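*Asks:* The lines below spell out each chain.
Number of protein chains: 2
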Amino acid sequence: MTPDDSLTGSEKEGLYKAIFSRRDVRSHFVGREIPDDVLLRILNAAHHAPSVGFSQPWNFVLIKDRTIRQKVKESFVRERDRSIAMLDGNEQRQKQYTSLKLEGIMESAINVCVTYDPTRFGPFVLGRTSIEETGVYSVACAIQNLWLAARAEGVGVGWVSILANEDLGKILAIPEHVRPVAYLCLGYVSGFAEKPDLERAGWLPRMGLADVVCYEQWGVHQSEPWSALRAAIGRMGEGKREDNM
Amino acid sequence: MTPDDSLTGSEKEGLYKAIFSRRDVRSHFVGREIPDDVLLRILNAAHHAPSVGFSQPWNFVLIKDRTIRQKVKESFVRERDRSIAMLDGNEQRQKQYTSLKLEGIMESAINVCVTYDPTRFGPFVLGRTSIEETGVYSVACAIQNLWLAARAEGVGVGWVSILANEDLGKILAIPEHVRPVAYLCLGYVSGFAEKPDLERAGWLPRMGLADVVCYEQWGVHQSEPWSALRAAIGRMGEGKREDNM
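Chains A and B supply the protein sequences, listed in that same order.
Each residue of the first sequence is one higher than the last, beginning at 438 in our numbering.
Each residue of the second sequence is one higher than the last, beginning at 438 in our numbering.
It should be emphasised that the hints constitute simulated quantities derived from the structure, not laboratory data.
Treat each hint with caution, since some may be false.
What the hints assert, rightly or not - Simulated restraints on C-beta separations:
| no. | chain 1 | residue 1 | chain 2 | residue 2 | range |
| --- | --- | --- | --- | --- | --- |
| 1 | A | R469 | B | M543 | 50 to 60 Å |
| 2 | B | K632 | A | R643 | 35 to 45 Å |
| 3 | A | D473 | B | E613 | 44 to 54 Å |
| 4 | A | D502 | B | D525 | 46 to 56 Å |
| 5 | A | M523 | B | E528 | 47 to 57 Å |
| 6 | B | E661 | A | S627 | 44 to 54 Å |
| 7 | B | A647 | A | S664 | 49 to 59 Å |
| 8 | A | S447 | B | G639 | 36 to 46 Å |
For clarity, every value in this text was computed on a predicted model and none was experimentally measured.
Ideal Cβ placement from N, Cα and C applies to all residues, glycine included.
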């Protein structure tokens, strides 16, 4: 056991800086390659995520090959067009969607497909017997570790979710029982935007923290034993502090 | 845009320290309350996770009430007994399972149920039109942010996955369309273990990074353009460095 230790001031600052300045990056990639030691630290951070029953059910497929990437890009184009069609009847939203840059598959230094293997150390996985989905949640936690470590190293990450998993399965030879969870584009960038792209573009606003915190039961936003915390959250909202963090 | 910046040395160190020393804590909780400013920072970190289409589909239900916790604990006991019964015929594994402490529902300072609301800003959520599950993946990323911020603040987090979601739904008045994703126990602890409980107990070993990284396609562990990275990962494995991080 290590003693009851929180991190030092500047160490804590580092974690919060990574969390608040992390961005979903789709443009501003520069050509520079990611050195092996940097990539290794990023992958090792991902591999040290929590996992249900210590099952470590993730794989990281690293992709440089341009033919493979081109095929993934084609899947993106098909799915994007399908998505835009869903907005038929809402011309303004369609126009806005079309104007957004939503992926950097070809421009980034590498692509990483993160997958979930439910058979890892199975079939009995401790802690997964009641809620099956905890397996794939573990993989999402690994992705967040990867994203934060990349940010700390100055490497941008963009998650491309406008893709067909069936296409990814074929292109990357993923076995039937394994599920693609994320397709990520990694590379150095010329800078990290101050706010998320979709917030800046006015697609959606950031919610206040007060709107997502409930007390004792779902949807309850007032509770006597929590009044001091609730007031503190309210003060933060007034100062719009969460928008700048 | 902020310039192309990685974090400073000690800031980076802070992030990696949080990642590598984060633990799933089920015991060693001490009685001390979590001050409001600390809890606020932890929740705000969670709220700044990435989310598909900037949909921010999470809620955080904070629970102190002991009657509510007791009901959740009862759900845990039922599900644990059901899980142990699944190991019938494997006496050694059953004995090992029974010896493990798997939750700190009553001993922790507070419980937090994190939920996923697929209707948030919907029905059209940008980027969720091809892969529906990206919504719930966003919530898992928020949980990882919460976990790392808690670690930085010296607060332990234990994820209780041996629970029935139907029970949680009833106990916490969660609407039908909202999905419980995680039930977490938070509190100051007397210390963070050097290795995950299940690794220390010999339940499962930590995999080598080399085993989870593939090149260009799933399951491919050799590839000429990646030979330098592969060698670097191999060297790390030999030094067992990942076990100590």
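*Asks:* Each hint should be assessed against the structure and marked as holding or not.
*Replies:* Hints, verified against the model:
1. A:R469 x B:M543: 50 to 60 Å: holds, 52 Å
2. B:K632 x A:R643: 35 to 45 Å: holds, 38 Å
3. A:D473 x B:E613: 44 to 54 Å: With a Cβ separation near 49 Å, D473 (chain A) and E613 (chain B) satisfy 44 to 54 Å, so the hint holds.
4. A:D502 x B:D525: 46 to 56 Å: With a Cβ separation near 48 Å, D502 (chain A) and D525 (chain B) satisfy 46 to 56 Å, so the hint holds.
5. A:M523 x B:E528: 47 to 57 Å: The hint (47 to 57 Å, Cβ to Cβ) holds, given that M523 (chain A) and E528 (chain B) are roughly 55 Å apart.
6. B:E661 x A:S627: 44 to 54 Å: Violated: the Cβ-Cβ distance is about 31 Å, outside 44 to 54 Å.
7. B:A647 x A:S664: 49 to 59 Å: Given about 52 Å between the Cβ atoms, the range holds.
8. A:S447 x B:G639: 36 to 46 Å: holds, 37 Å
Of the numbered hints given earlier, the model fails hint 6 alone.
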